[in-house]
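**Student:** Sequence:
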Amino acid sequence: MRIVRVPYDHPEARKLDDAVQQEYAERYGDEGDITPLDPAMFEPPRGLYLMAYDDEDRPVATGGWRAQDRNDEGYSDGDAEIKRMYVVREARGRGLARRILAALEDDARASGRVRMVLETGTAQPEAIALYVSSGYEPAEKFGLYRFESASRCYAKPL
Numbered sequence: 001m002r003i004v005r006v007p008y009d010h011p012e013a014r015k016l017d018d019a020v021q022q023e024y025a026e027r028y029g030d031e032g033d034i035t036p037l038d039p040a041m042f043e044p045p046r047g048l049y050l051m052a053y054d055d056e057d058r059p060v061a062t063g064g065w066r067a068q069d070r071n072d073e074g075y076s077d078g079d080a081e082i083k084r085m086y087v088v089r090e091a092r093g094r095g096l097a098r099r100i101l102a103a104l105e106d107d108a109r110a111s112g113r114v115r116m117v118l119e120t121g122t123a124q125p126e127a128i129a130l131y132v133s134s135g136y137e138p139a140e141k142f143g144l145y146r147f148e149s150a151s152r153c154y155a156k157p158l
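Final position of the sequence shown in full-length UniProt numbering is 158; the numbers increase by one with none missing.
I should point out that these hints are in silico values taken from the structure, not numbers from a laboratory.
Please read these numbers as outputs of a predicted model, since none were measured by experiment.
Beta carbons: idealized from backbone N, C-alpha and C, even for Gly.
Be a bit skeptical, because a hint or two may be false.
[As the list claims (entries may be wrong)] Simulated DEER-style distance windows between Cβ atoms:
1. Arg5 with Asp55: 28 to 38 Å
2. Pro39 with Ser151: 23 to 33 Å
3. Gly78 with Ser134: 24 to 34 Å
4. Asp77 with Ala25: 29 to 39 Å
5. Glu56 with Arg14: 14 to 24 Å
6. Glu90 with Val114: 30 to 40 Å
7. Glu56 with Val114: 37 to 47 Å
8. Val114 with Leu144: 14 to 24 Å
9. Glu140 with Ser111: 18 to 28 Å
10. Arg5 with Asp77: 19 to 29 Å
11. Tyr53 with Phe147: 15 to 25 Å
Using the sequences and the accompanying hints, generate a full structural model.
**Tutor:** Here you go:
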């Protein structure tokens with residue numbers, strides 16, 4: 001597996017973003033994650049977007065972080081928010097999400113961020129298990145879905 005930095009609007013990144021949105025829609029019975037995202041949010045040093053390719057150079061996983069600071073959505077100064085962690089079904093169980101997560105944490109730390117945060121939901125038990133096993137703890141809700149009952153927020157000091 002090869003993990004590389006790509007722009008959030010890279011054509012293959014868009015393809016996997018469409019796939020994760022479809023999975024969100026299936027799991028939650030809605031239109032997917034409507035959090036407004038702009039490619040500039042993932043540009044270093046205030047963010048990063050990664051893509052993993054398999055041995056046949058097919059895109060199989062993504063993940064990114066974007067800088068957040070104290071605002072009315074519940075973020076704190078120095079936060080790095082994880083967005084669009086996704087592994088295609090046929091590549092799951094190989095540790096790709098864990099590798100991308102570690103790379104995102106390392107990069108956010110090197111960029112001066114002090115806490116990694118993320119929002120997921122009760123219909124994604126695999127994601128919750130990954131984050132908890134990686135040292136994330138439940139956090140006060142933040143972000144667009146902070147008032148949704150199925151939303152779960154986690155944080156980890158960097």
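**Student:** Determine for every hint whether it applies to the structure shown.
**Tutor:** Here's how the hints hold up against the structure:
no. : hint                           : in the structure
1   : Arg5 with Asp55: 28 to 38 Å    : violated (20 Å)
2   : Pro39 with Ser151: 23 to 33 Å  : holds (25 Å)
3   : Gly78 with Ser134: 24 to 34 Å  : violated (19 Å)
4   : Asp77 with Ala25: 29 to 39 Å   : holds (33 Å)
5   : Glu56 with Arg14: 14 to 24 Å   : holds (20 Å)
6   : Glu90 with Val114: 30 to 40 Å  : holds (36 Å)
7   : Glu56 with Val114: 37 to 47 Å  : holds (39 Å)
8   : Val114 with Leu144: 14 to 24 Å : holds (22 Å)
9   : Glu140 with Ser111: 18 to 28 Å : holds (23 Å)
10  : Arg5 with Asp77: 19 to 29 Å    : holds (25 Å)
11  : Tyr53 with Phe147: 15 to 25 Å  : violated (38 Å)
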